[in-house]
Amino acid sequence: AQTVTQSQPEMSVQEAETVTLSCTYDTSENNYYLFWYKQPPSRQMILVIRQEAYKQQNATENRFSVNFQKAAKSFSLKISDSQLGDTAMYFCAFMKHGSFGNEKLTFGTGTRLTIIP
Amino acid sequence: KAGVTQTPRYLIKTRGQQVTLSCSPISGHRSVSWYQQTPGQGLQFLFEYFSETQRNKGNFPGRFSGRQFSNSRSEMNVSTLELGDSALYLCASSLVRAGYYEQYFGPGTRLTVT
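For the record, the sequence lines run as chains A and B.
Mapping to this note's numbering: the first sequence position 59 is 75, numbers consecutive.
Mapping to this note's numbering: the second sequence position 25 is 1104, numbers consecutive.
Keep in mind that a hint or two might mislead.
[Unchecked claim] In silico lysine-lysine, DSSO-like type, Cα no more than 27 Å apart, as pairs: (1) B:Lys1136 to B:Lys1092; (2) A:Lys112 to A:Lys94; (3) A:Lys112 to B:Lys1136; (4) A:Lys71 to A:Lys89; (5) A:Lys89 to B:Lys1136; (6) A:Lys86 to A:Lys112.
[Unchecked claim] To give an idea of the chain B side of the interface with chain A (calculated C-beta under 7 Å), a few residues: (7) Ser1106; (8) His1108; (9) Ser1110; (10) Gly1121; (11) Glu1127; (12) Phe1139; (13) Phe1143; (14) Ser1173; (15) Pro1186; (16) Gly1187; (17) Val1192.
I should point out that these hints are in silico values taken from the structure, not numbers from a laboratory.
Glycine residues also receive a C-beta, built at the ideal position from the N, C-alpha and C atoms.
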């Protein structure tokens, strides 16, 4: 079974600064996807960024980028030029890849991020 | 393109009752998954449907069931409600292409059991 660990329950950062959220996972699989989801107070779960394990290049989406270290089983999220709208709960998630019927996400416990004006 | 929709958004039920939640996936998505979110247990996978078939099931009692219709809309049912079933229930629809996967969530249904 896969496990996802987010060791930072809460973080806060000043607006416009850069912040990095940590995530580690444990799996015996070689092919998988990793995701970061954002859940603002509205509770809508929003996909922030996705990384395929077979890709060595780190994914980026505008101000969001990841540092994917496959050997270390680490998948951190960096938010640059943080904005007030980035205030949310952030979840790291894992999904196996390749086998039929494996669309099941395993989530970490989340990091509550607060951007301070 | 419309996102994932869930109805109702809020629901209050009494212990022992049953409840049905509905989810309409993004047009063209054939896979629908359900998750339960609680402060104590976090986000837990309930089950996943594809082409009207349950392909994957989480570790929940048989009181939790679901189904998917031919138009990919899905319903989940909880019978004999318990206080511990109070949670946010999230539905997600998935797009799978060669080497590409994304799962999009709906706004959730907040269920309160009294």
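Proposed interface contact between Glu1127 of chain B and chain A, which counts if any beta carbon pair is under 7 Å: 5 Å, holds
Proposed proximity, Lys1136 of chain B with Lys112 of chain A (alpha carbon, max 27 Å): 15 Å, holds
Evaluation of the interface hint that places Phe1139 of chain B against chain A, nearest CB under 7 Å: 13 Å, violated
Proposed interface contact between Phe1143 of chain B and chain A, which counts if any beta carbon pair is under 7 Å: Because about 15 Å separates Phe1143 of chain B from the closest Cβ in chain A, which is outside the 7 Å limit, the hint is violated.
Residue hint His1108 of chain B, partner chain A, criterion CB-CB below 7 Å: With Cβ-Cβ at 10 Å, over 7 Å, it is violated.
Hint consistency between Lys71 of chain A and Lys89 of chain A [alpha-carbon to alpha-carbon, up to 27 Å]: 14 Å, holds
Hint status (Cβ of Gly1121 of chain B to nearest Cβ of chain A, threshold 7 Å): 5 Å, holds
Pair hint outcome, Lys1136 of chain B versus Lys1092 of chain B [Cα-Cα no greater than 27 Å]: 25 Å, holds
Hint validity - Ser1106 of chain B Cβ closer than 7 Å to any chain A Cβ: 17 Å, violated
Pair hint outcome, Lys89 of chain A versus Lys1136 of chain B [Cα-Cα no greater than 27 Å]: Measuring from Cα to Cα gives roughly 26 Å; hence the hint holds.
27 Å Cα cutoff - pair Lys86 of chain A, Lys112 of chain A: 14 Å, holds
Restraint satisfaction for Ser1173 of chain B [CB to CB of chain A, less than 7 Å]: Holds - the Cβ of Ser1173 of chain B comes within 7 Å of chain A, reaching about 5 Å at its closest.
The structure does not agree with the numbered hints 7, 8, 12, 13 and 17 stated previously, though it agrees with the rest.
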